[in-house]
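Colleague: Sequence:
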Amino acid sequence: MYRTLLIASFFGLTLPAWADLVFDQNPLELKPKPADEQVEASFTFTNKGKKPVTVTGLDSSCSCLEASLDKRTYGPGEKGSGKATFKVSTFVGRHEKTLHVYTDDPAEPDKVLTVILEVPEVVSIEPKLLEWVLGEEPKAKELTVKIVGEEPMKIKNVTATRENVKFETKEITPGREYRITVQPSSTAEITVGMLKIETDSKIPKFARQMAFFNIVRPEMAEKKPQAAETQVKAVQGSKANE
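When you read off a place in the sequence shown, starting at 1, and then add 1134, the result is the number in the working numbering.
Hints in this document: simulated from the structure, not taken from any laboratory.
Hints should not be assumed to be uniformly reliable.
Estimated spans, in silico, between C-beta atoms of each pair [stated by the list, open to error]:
(1) Q1172 <-> K1300: 38 to 46 angstroms
(2) L1192 <-> P1272: 49 to 57 angstroms
(3) R1313 <-> T1188: 57 to 65 angstroms
(4) P1352 <-> E1171: 40 to 48 angstroms
(5) P1261 <-> H1234: 33 to 41 angstroms
With a Cα cut of at most 16 angstroms, we get these calculated EDC-like pairs of lysine to aspartate or glutamate [unchecked claim]:
(6) K1184 <-> D1238
(7) K1273 <-> E1302
(8) K1339 <-> E1255
(9) K1339 <-> D1170
(10) K1221 <-> E1163
(11) K1330 <-> E1302
(12) K1290 <-> E1332
(13) K1339 <-> E1285
(14) K1185 <-> E1212
(15) K1339 <-> E1171
(16) K1330 <-> E1297
Ideal placement from N, C-alpha and C gives every residue a C-beta, glycine not left out.
Please construct the entire structure, taking both the sequences and the accompanying hints into account.
Modeller: The structure is reproduced here in structure tokens:
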């Protein structure tokens, strides 16, 4: 396209004025309540070109995001509207996804609308990942669970996906703060495990929380922040696609 523009400019030619679909608000920000399973929002756009534009397809970067339009073809200067539906699932915090609107405009066949989801945090777990290095002394390590939403919650039960760890839960502030101590029986083998934390929340997605514990090689310990984030996103992604 850039080369075509240069050639046209050199010979004094004028390129045809194609359609130009422009979103009135981009990015589109969605702010659901903690209990919401999904959130919907409308978006608008304008064909600012001099020719009609026809939408040939819609797609998104995540199965959690769907969209529809009021029609397919928009004349010059015509406004259009659409609806985006985001399945909140287990998402917490800020998440950015993209919606692709494909058109018959050869200049810009793929118009991208960025959709930002901001989900209020209700349960905070720090750190999300407890980690030991192979051969390290199997000392106990702690994580803290804080209930930061409006309603208090109590931890009803904690289970581990691996049998080579023991753990203990201590209530610091009733309904608001808990401390979980985790200790492996040995660090002789690589281990990837999860703590399943069950609360008394009436909202299903907050009734089950998770934290992770790993026993890794020394070189992998340097990647601890990325490892925790990857594990959390992998679990969130699998649940969002259910």
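Colleague: Does each hint fit the structure? Answer for all of them.
Modeller: Here is what the structure says about each hint:
The beta-carbon spacing between Q1172 and K1300, approximately 39 angstroms, falls within the hinted interval of 38 to 46 angstroms. Between L1192 and P1272 the beta carbons are some 52 angstroms apart, a value that agrees with the proposed interval 49 to 57 angstroms. The supplied range of 57 to 65 angstroms is met by R1313 and T1188, whose beta-carbon atoms lie about 59 angstroms from each other. At roughly 43 angstroms, the beta carbons of P1352 and E1171 sit within the given window of 40 to 48 angstroms.
Taken as a hint, the range 33 to 41 angstroms holds for the pair P1261 and H1234, whose Cβ atoms sit roughly 36 angstroms apart. Proposed proximity of K1184 and D1238 is supported: the alpha carbons are some 14 angstroms apart, at most 16 angstroms. Proximity of K1273 to E1302 is assessed by CA-CA distance (about 14 angstroms); at most 16 angstroms being required, the pair is judged to hold. The hinted pair formed by K1339 and E1255 meets the criterion: a straight-line CA distance of about 12 angstroms does not exceed 16 angstroms.
Of the supplied pair hints, the one linking K1339 and D1170 holds, its CA atoms being roughly 10 angstroms apart against a limit of 16 angstroms. Distance restraint check for K1221 and E1163: the Cα-Cα separation of roughly 14 angstroms lies within the 16 angstroms cut-off, and the hinted pair is therefore satisfied. Taken as a hint, the K1330 and E1302 pair is honoured in the structure, with Cα atoms around 13 angstroms apart against an allowance of 16 angstroms. Between K1290 and E1332 the CA atoms are separated by roughly 6 angstroms; this keeps the pair inside 16 angstroms, and the hint holds.
Between K1339 and E1285 the CA atoms are separated by roughly 14 angstroms; this keeps the pair inside 16 angstroms, and the hint holds. A C-alpha spacing of about 10 angstroms is found between K1185 and E1212, which places the hinted pair at or below 16 angstroms, so the restraint holds. Our distance criterion of 16 angstroms between C-alpha atoms is met by K1339 and E1171, whose separation comes to about 9 angstroms. Between K1330 and E1297, the direct Cα distance comes to roughly 13 angstroms. Compliance with the 16 angstroms bound is thereby established for this hinted pair.
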